[in-house]
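Novice: Given the structure of chain H, go ahead and fit chain Y onto it with the hints provided.
Protein chains: 2
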Amino acid sequence: MTHTFQRPIVLASASPRRSELLTYMGVPFRVVVSDVDEGMEGPPQALVVTLAQRKAQAVAARCPGDLVLAADTVVACGDAVLGKPRDEEDAARMLALLAGRWHDVYTGLCAIDAAIGRQETALDRTRVRFLPLTARDIAGYVATGEPMGKAGAYAIQGRAGMYVQAIEGSPSNVMGLPMAAARQLLQKFHPAF
Amino acid sequence: MTHTFQRPIVLASASPRRSELLTYMGVPFRVVVSDVDEGMEGPPQALVVTLAQRKAQAVAARCPGDLVLAADTVVACGDAVLGKPRDEEDAARMLALLAGRWHDVYTGLCAIDAAIGRQETALDRTRVRFLPLTARDIAGYVATGEPMGKAGAYAIQGRAGMYVQAIEGSPSNVMGLPMAAARQLLQKFHPAF
Numbered sequence: 001m002t003h004t005f006q007r008p009i010v011l012a013s014a015s016p017r018r019s020e021l022l023t024y025m026g027v028p029f030r031v032v033v034s035d036v037d038e039g040m041e042g043p044p045q046a047l048v049v050t051l052a053q054r055k056a057q058a059v060a061a062r063c064p065g066d067l068v069l070a071a072d073t074v075v076a077c078g079d080a081v082l083g084k085p086r087d088e089e090d091a092a093r094m095l096a097l098l099a100g101r102w103h104d105v106y107t108g109l110c111a112i113d114a115a116i117g118r119q120e121t122a123l124d125r126t127r128v129r130f131l132p133l134t135a136r137d138i139a140g141y142v143a144t145g146e147p148m149g150k151a152g153a154y155a156i157q158g159r160a161g162m163y164v165q166a167i168e169g170s171p172s173n174v175m176g177l178p179m180a181a182a183r184q185l186l187q188k189f190h191p192a193f
Numbered sequence: 001m002t003h004t005f006q007r008p009i010v011l012a013s014a015s016p017r018r019s020e021l022l023t024y025m026g027v028p029f030r031v032v033v034s035d036v037d038e039g040m041e042g043p044p045q046a047l048v049v050t051l052a053q054r055k056a057q058a059v060a061a062r063c064p065g066d067l068v069l070a071a072d073t074v075v076a077c078g079d080a081v082l083g084k085p086r087d088e089e090d091a092a093r094m095l096a097l098l099a100g101r102w103h104d105v106y107t108g109l110c111a112i113d114a115a116i117g118r119q120e121t122a123l124d125r126t127r128v129r130f131l132p133l134t135a136r137d138i139a140g141y142v143a144t145g146e147p148m149g150k151a152g153a154y155a156i157q158g159r160a161g162m163y164v165q166a167i168e169g170s171p172s173n174v175m176g177l178p179m180a181a182a183r184q185l186l187q188k189f190h191p192a193f
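Just so you know, the sequences run in chain order H and Y. For what it's worth, our numbering labels the leading residue of the first sequence as 1, then goes sequentially. For what it's worth, our numbering labels the leading residue of the second sequence as 1, then goes sequentially.
Same shape as in the complex, but just chain H (with noise of 0.2 Å):
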């Protein structure tokens, strides 16, 4: 896959998985981090994008001439909206309601041509069904390291898959970088991508 655009883009996260995906779609890519604060108020369909809006701008500051994408991930289920757990005992908390039910799992997309100040955004979402787990279930997951970092507490491309029953929508979303809805917003800028 050739791509004749000339700029590499800036992606404005630390996540190693959005790294890995974005690296999936043959995108020539940099990181830059920036420090927005994740914590907010509000319905998550609005939260995710406002967030991915701040971490852009905050980037595209930084990084004049630049395009930059960013992306915030949380979980929704019932009126709790999930970010990354703070602790083992968060994380065995969330782990607990996800426990034998559907939730949303929102991705806000921000993208922004720093030389000419154009943004785009795009928000995605995917329903995610748990199987019940079991107390010794979410101990032993959580014992495993793996919820650590990841909205919700738990990692579908990893060992949390076999608690997975079924989905619906993306599953890159549910790592936190939905690839068709991504690759659908980087076009808005340059068709090549």
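Please note: incorrect hints may appear among the correct ones.
Because identical chains cannot be distinguished in the list, a pair is counted as satisfied if it fits within a single copy or across any two copies.
Here are the simulated SDA-like cross-link-like pairs (lysine to any residue), alpha carbons at most 25 Å apart as the crow flies [stated by the list, open to error]:
id, residue 1, residue 2
1, LYS188, ARG101
2, LYS188, GLY39
3, LYS188, ALA99
4, LYS188, ARG129
5, LYS84, GLN187
6, LYS188, ASP113
7, LYS84, LEU97
8, LYS188, LEU131
9, LYS188, VAL32
10, LYS84, LYS188
11, LYS188, ALA139
12, LYS84, ALA135
13, LYS188, ALA135
14, LYS188, GLY158
15, LYS84, GLN57
Note that these hints are calculated values from the structure, not bench results.
Specialist: Same frame as chain H, now just chain Y:
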């Protein structure tokens, strides 16, 4: 996650993705490959279960006393049933067929406790929708080599993730081993799986 069962299982598959997914499940296993001919006719739902049974039976005959797990995966799109592509041309034909449409991924599972002759089977289905693909998309993806060796000529966990708009069902099923279904099948033999 500690398991208390004694016997490791035997995975009757040469697929590195199935080994990876079984590793994520925390199941100790070794690989013994059968030489069952994958060429067969018939409806995909029956086909994959029958082929999984044949693979499991062939390996169980060589591993008396072991618990054997086998799987077979095909892609069904309209009337077409797609296994692994024969060559790059065949891969391009499959991808052109899948572009812009929903298709079904079926995996048949069979577990045999060779010590007592007990056999259990399961079937999992995931619907997958591809974005429309240009001839350039297809040629570029085939050139990466990723389609070879994969049923339906794509790897959802790889670059093809950006062509997948949505799925309905288990993501790991699309990779060849539905983790939740496999765990439930193995739990019929031992609750500690």
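Novice: Evaluate each hint against the coordinates.
Specialist: Going down the list of hints, with the structure as the test:
| no. | hint | result |
| --- | --- | --- |
| 1 | LYS188 with ARG101 | between (36 Å within a copy, 23 Å between copies) |
| 2 | LYS188 with GLY39 | neither (30 Å within a copy, 44 Å between copies) |
| 3 | LYS188 with ALA99 | between (38 Å within a copy, 21 Å between copies) |
| 4 | LYS188 with ARG129 | between (33 Å within a copy, 22 Å between copies) |
| 5 | LYS84 with GLN187 | neither (30 Å within a copy, 31 Å between copies) |
| 6 | LYS188 with ASP113 | within (11 Å within a copy, 55 Å between copies) |
| 7 | LYS84 with LEU97 | within (14 Å within a copy, 40 Å between copies) |
| 8 | LYS188 with LEU131 | between (38 Å within a copy, 16 Å between copies) |
| 9 | LYS188 with VAL32 | within (22 Å within a copy, 49 Å between copies) |
| 10 | LYS84 with LYS188 | neither (31 Å within a copy, 34 Å between copies) |
| 11 | LYS188 with ALA139 | between (45 Å within a copy, 22 Å between copies) |
| 12 | LYS84 with ALA135 | within (20 Å within a copy, 40 Å between copies) |
| 13 | LYS188 with ALA135 | between (46 Å within a copy, 20 Å between copies) |
| 14 | LYS188 with GLY158 | between (32 Å within a copy, 23 Å between copies) |
| 15 | LYS84 with GLN57 | within (22 Å within a copy, 45 Å between copies) |
Of the numbered hints given earlier, the model fails hints 2, 5, 10; all others are met.
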